[in-house]
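Here the protein sequences come in this chain order: A and B.
Following my numbering, the numbering of the first sequence begins with 1 at its first residue and continues without gaps.
Following my numbering, the numbering of the second sequence begins with 1 at its first residue and continues without gaps.
The hints are simulated quantities; they were obtained by calculation from the structure and are not laboratory data.
Heads up, the beta-carbon is just placed ideally off N, CA and C, and yes, glycines get one too.
Just so you know, not all the hints are guaranteed correct.
Unchecked claim - Per label pair, the in silico range of CB-to-CB distance:
| hint | chain 1 | residue 1 | chain 2 | residue 2 | range |
| --- | --- | --- | --- | --- | --- |
| 1 | A | S67 | B | P103 | 25 to 33 Å |
| 2 | A | F240 | B | F228 | 17 to 25 Å |
| 3 | A | F415 | B | L336 | 55 to 63 Å |
| 4 | B | P103 | A | F57 | 33 to 41 Å |
| 5 | B | G36 | A | E317 | 54 to 62 Å |
| 6 | A | F57 | B | H412 | 37 to 45 Å |
| 7 | B | E75 | A | S67 | 37 to 45 Å |
| 8 | B | E90 | A | S67 | 48 to 56 Å |
| 9 | A | K176 | B | F228 | 34 to 42 Å |
| 10 | A | F57 | B | E317 | 26 to 34 Å |
2 protein chains.
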Amino acid sequence: MSERIKKVEQDFLAYTKKMEDYGQALSLLAWDARTGAPKKGIQQRSEVIGTLSSELFQLSTSEEMGSFLGELREEGAKEHLSEITRKSVEQCHKEFERNLKIPKDEYKEYVMLQSQSESIWEEAKDKADFEMFKPNLEKLVEFKKRFVGYLGHNGNPYNTLLDDYEPGVFVDTIDKVFGELRDQLIPLVKGVTESSHQPKTDFLFENFPREAQQALSKDILKEIGYDFGAGRLDETVHPFAIGINPNDVRVTTKYNEADFRVALFGTIHEGGHALYEQNISQDLIGTPLCNGTSMGIHESQSLFWEKFVGKNFGFWERNYDLLKKHSSGQFDDVSLEDFYFAVNQSKRSLIRIESDELTYCLHIILRYELEKALMQGDIEVRDLPGLWNEKMEEYLGIRPSHDGEGVLQDVHWSFGAFGYFPSYALGYIYSAQLKEALENDLPQFDELIRTGEYAPIQSWMTDNVHQFGKMKKPADIIKDTTGGGIDSKPLVRYLEEKYRRLYKL
Amino acid sequence: MSERIKKVEQDFLAYTKKMEDYGQALSLLAWDARTGAPKKGIQQRSEVIGTLSSELFQLSTSEEMGSFLGELREEGAKEHLSEITRKSVEQCHKEFERNLKIPKDEYKEYVMLQSQSESIWEEAKDKADFEMFKPNLEKLVEFKKRFVGYLGHNGNPYNTLLDDYEPGVFVDTIDKVFGELRDQLIPLVKGVTESSHQPKTDFLFENFPREAQQALSKDILKEIGYDFGAGRLDETVHPFAIGINPNDVRVTTKYNEADFRVALFGTIHEGGHALYEQNISQDLIGTPLCNGTSMGIHESQSLFWEKFVGKNFGFWERNYDLLKKHSSGQFDDVSLEDFYFAVNQSKRSLIRIESDELTYCLHIILRYELEKALMQGDIEVRDLPGLWNEKMEEYLGIRPSHDGEGVLQDVHWSFGAFGYFPSYALGYIYSAQLKEALENDLPQFDELIRTGEYAPIQSWMTDNVHQFGKMKKPADIIKDTTGGGIDSKPLVRYLEEKYRRLYKL
Numbered sequence: 001m002s003e004r005i006k007k008v009e010q011d012f013l014a015y016t017k018k019m020e021d022y023g024q025a026l027s028l029l030a031w032d033a034r035t036g037a038p039k040k041g042i043q044q045r046s047e048v049i050g051t052l053s054s055e056l057f058q059l060s061t062s063e064e065m066g067s068f069l070g071e072l073r074e075e076g077a078k079e080h081l082s083e084i085t086r087k088s089v090e091q092c093h094k095e096f097e098r099n100l101k102i103p104k105d106e107y108k109e110y111v112m113l114q115s116q117s118e119s120i121w122e123e124a125k126d127k128a129d130f131e132m133f134k135p136n137l138e139k140l141v142e143f144k145k146r147f148v149g150y151l152g153h154n155g156n157p158y159n160t161l162l163d164d165y166e167p168g169v170f171v172d173t174i175d176k177v178f179g180e181l182r183d184q185l186i187p188l189v190k191g192v193t194e195s196s197h198q199p200k201t202d203f204l205f206e207n208f209p210r211e212a213q214q215a216l217s218k219d220i221l222k223e224i225g226y227d228f229g230a231g232r233l234d235e236t237v238h239p240f241a242i243g244i245n246p247n248d249v250r251v252t253t254k255y256n257e258a259d260f261r262v263a264l265f266g267t268i269h270e271g272g273h274a275l276y277e278q279n280i281s282q283d284l285i286g287t288p289l290c291n292g293t294s295m296g297i298h299e300s301q302s303l304f305w306e307k308f309v310g311k312n313f314g315f316w317e318r319n320y321d322l323l324k325k326h327s328s329g330q331f332d333d334v335s336l337e338d339f340y341f342a343v344n345q346s347k348r349s350l351i352r353i354e355s356d357e358l359t360y361c362l363h364i365i366l367r368y369e370l371e372k373a374l375m376q377g378d379i380e381v382r383d384l385p386g387l388w389n390e391k392m393e394e395y396l397g398i399r400p401s402h403d404g405e406g407v408l409q410d411v412h413w414s415f416g417a418f419g420y421f422p423s424y425a426l427g428y429i430y431s432a433q434l435k436e437a438l439e440n441d442l443p444q445f446d447e448l449i450r451t452g453e454y455a456p457i458q459s460w461m462t463d464n465v466h467q468f469g470k471m472k473k474p475a476d477i478i479k480d481t482t483g484g485g486i487d488s489k490p491l492v493r494y495l496e497e498k499y500r501r502l503y504k505l
Numbered sequence: 001m002s003e004r005i006k007k008v009e010q011d012f013l014a015y016t017k018k019m020e021d022y023g024q025a026l027s028l029l030a031w032d033a034r035t036g037a038p039k040k041g042i043q044q045r046s047e048v049i050g051t052l053s054s055e056l057f058q059l060s061t062s063e064e065m066g067s068f069l070g071e072l073r074e075e076g077a078k079e080h081l082s083e084i085t086r087k088s089v090e091q092c093h094k095e096f097e098r099n100l101k102i103p104k105d106e107y108k109e110y111v112m113l114q115s116q117s118e119s120i121w122e123e124a125k126d127k128a129d130f131e132m133f134k135p136n137l138e139k140l141v142e143f144k145k146r147f148v149g150y151l152g153h154n155g156n157p158y159n160t161l162l163d164d165y166e167p168g169v170f171v172d173t174i175d176k177v178f179g180e181l182r183d184q185l186i187p188l189v190k191g192v193t194e195s196s197h198q199p200k201t202d203f204l205f206e207n208f209p210r211e212a213q214q215a216l217s218k219d220i221l222k223e224i225g226y227d228f229g230a231g232r233l234d235e236t237v238h239p240f241a242i243g244i245n246p247n248d249v250r251v252t253t254k255y256n257e258a259d260f261r262v263a264l265f266g267t268i269h270e271g272g273h274a275l276y277e278q279n280i281s282q283d284l285i286g287t288p289l290c291n292g293t294s295m296g297i298h299e300s301q302s303l304f305w306e307k308f309v310g311k312n313f314g315f316w317e318r319n320y321d322l323l324k325k326h327s328s329g330q331f332d333d334v335s336l337e338d339f340y341f342a343v344n345q346s347k348r349s350l351i352r353i354e355s356d357e358l359t360y361c362l363h364i365i366l367r368y369e370l371e372k373a374l375m376q377g378d379i380e381v382r383d384l385p386g387l388w389n390e391k392m393e394e395y396l397g398i399r400p401s402h403d404g405e406g407v408l409q410d411v412h413w414s415f416g417a418f419g420y421f422p423s424y425a426l427g428y429i430y431s432a433q434l435k436e437a438l439e440n441d442l443p444q445f446d447e448l449i450r451t452g453e454y455a456p457i458q459s460w461m462t463d464n465v466h467q468f469g470k471m472k473k474p475a476d477i478i479k480d481t482t483g484g485g486i487d488s489k490p491l492v493r494y495l496e497e498k499y500r501r502l503y504k505l
């Protein structure tokens, strides 16, 4: 028996290694398409991506895969397998089930609807015309409901959607932590908005040449420990980081000469994603476990570096001179304190992607509440614009003047990504929880940042989060580092303390 | 019958389209590995390339491919096929035969020997130690002879090797044109060397900053008609151009701050390759015919632009100011005539890749004569160093002081690429033949270059060479443009005229 299983295990690992190789090729094709690939090659490029993706899909749903999973998931087999194999089998099984339960023809129809909807959404957003997008959105919701029907659900249909992005995290947990967070944030945002103590910010918008920003971005990535021997920095329209494998993790950014914060904090954010992928255990290379474990944990890492490091006072005590060196003199008469207040300004915005760390989660909670109600059948697509505007007014005290800056602002729903939004706020919540846990072990956290000693911070994150890849579920990472569950209190503590101090509340 | 054939044709075209998509992914993976890919990712990258290559190999030798070829190559079938399909079938058949005739185990052994030999060659070259490399070179020659045995040959075993690089060109033709060329070049080189009229060249070696060279390279590529909407320019160690597909053709270059000619003429050279690939007919995309037809014709295009355009007096009448604009003043006191003479300097070199257009072909003819003799069994590997040095003395009048600057200088033999060298000289020969044919149609060639009107030249090349991809064999391109066969006289005429004038012979 065990001989036979060892052989099947080896064959399975070779098979998944091949799938990973396809995945790496696809990652490079996507990175290239989103950075410097020539425009005229776009059509050909999507055909190549289509061909390799469909090969990969076939590998993940083949009879051969089915037979591996059948043999390796038997009770008597598991005990003979390494932990990596066991978890790889579970990962493949999950995808196998998901891919086979949804009828192929329906899925194909859905993919066509997705790509059609994205371009309709774009036009509808530009014209602020919800009616134009509504029929497609209704169809997308119907598809998603039907898919949940095929896949089955645990308690709430929305749980099945969550599983794509935040495996092991369910509606009851999110309802609780989001509810608490919302109730704490609303009055704090109100206080900040009404405070008479507001930062000066004019110097943020003076011209900062592209080349200088590029050099600054590189210096800052090196500063926080990003390994350029295992990565590179490029320019793009919608910045992202991509882990082809832990030895090749690429960061992208964009430069706005009239607002250097876009590139600077954007680069630190993507750098945080990249540090995660660069520090996944090399043992996981070639397995299906060699990526971040969830959207939310990934976001916790980018936010940790962007917010807790990049917006830390000590970080600027150390790096303000570096910034001045790269800039054209606009900070020469600005005190460190004024600069720090300015980059930590909180200002209500109608637009999620323009909002700050204090208000961001309210944007997400609004979306979560709406999409959950949609999936539960409590509301209809036609109710969305009105409910959106009401909630904006209730949570942030501002109201969109049209749907282009309201319900139509995000791309996500246009490709059916329901269940995705919560991960953004979970990222904030995890991030603050991890920071408190880290400070238990490294109480000199602020001092380490002030002196640029990131190594102990880096090691802590690698030991507790990065190395595991998909070997650990999000909730287990939180439990093993904090001893408890997902909890919004650390985030609230951080925001209360910081913004009451900054805005003298 | 014809219904059935139409169906098979469609399936075959879908199958080769899939192969082409794999090929495009592989091209991108290779481009990336040779430009900006992070060093630490090299091992993973070669595994990904290995996986996709072996998939592609399997597709090219599968039973399915065999059955397509069987059905579509039947006499009754051919007449129902489009020309593109017919030629695609022949292309696939050629690869199918080649890949299946060589026993897999032997080929695997050979691939291992190749990669081992390349690193041994590198060390042997550095140490100028031929004995160190000899055993591997002997094994490589043995493999090649055996492979020729499996593949069969037409007249001369060397013809089978030529077929990999210059299909349809045979030893008897090459013997004739190379022989004539050699006999004309030797006295001309001697005359140039002994001439008392030599160019001043000190200004060529003054510092030319990298960024300025980069801007110059971009301007020059635009000048000659390279389409940046279907390509990009990057830096690398060993420059190359790569056609992923006609809408995505990338150029690479390298910058030497102490010798701007490396990047400038290197970029024009690779730009010439790129113009070829960018102008292959869009109808061939997704077929196995969508690349240059041979090494030699490809080289004819790079050389045409590098030599006949980039080293043309009119080109510098037009572009000398542009060069001066990008440089740091070193040309301010240099007359156009002196500059022109300097960049057209001919100087005997022991090293092929440092040699100029006048002496280059002699380096190639020497290699051709030696490798042909090896394959015919007329000489042994141990005879190479001595014969090399004798021929260098006879052809160029200089003698290597050690094998590092002699027989060990090129990488090609270390990976078994026998039959490759002739294409370089054929490129020169084709190039001059095409130029004479073009001047028949466009007698104002020099004037077009002086005024920067490249469009008619570009169109002529596209109509007569580029558009066909692999639809036309090299000899057919030459026949259809010149009305005759491969002929070294146009090249000799060009070199005689130019160098006698420059060196006042």
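Hints and how they fare:
1. S67/A x P103/B: 25 to 33 Å: With Cβ atoms ~31 Å apart, the hint holds.
2. F240/A x F228/B: 17 to 25 Å: 24 Å, holds
3. F415/A x L336/B: 55 to 63 Å: Holds: the Cβ-Cβ distance is about 59 Å, inside 55 to 63 Å.
4. P103/B x F57/A: 33 to 41 Å: Check passed, 35 Å falls within 33 to 41 Å.
5. G36/B x E317/A: 54 to 62 Å: 34 Å, violated
6. F57/A x H412/B: 37 to 45 Å: 41 Å, holds
7. E75/B x S67/A: 37 to 45 Å: For S67/A against E75/B, whose Cβ atoms are near 44 Å apart, the range 37 to 45 Å holds.
8. E90/B x S67/A: 48 to 56 Å: At 40 Å between Cβs, range violated.
9. K176/A x F228/B: 34 to 42 Å: 54 Å, violated
10. F57/A x E317/B: 26 to 34 Å: 58 Å, violated
Hint compliance for this structure: hints 5, 8, 9, 10 are not met, and every other hint is.
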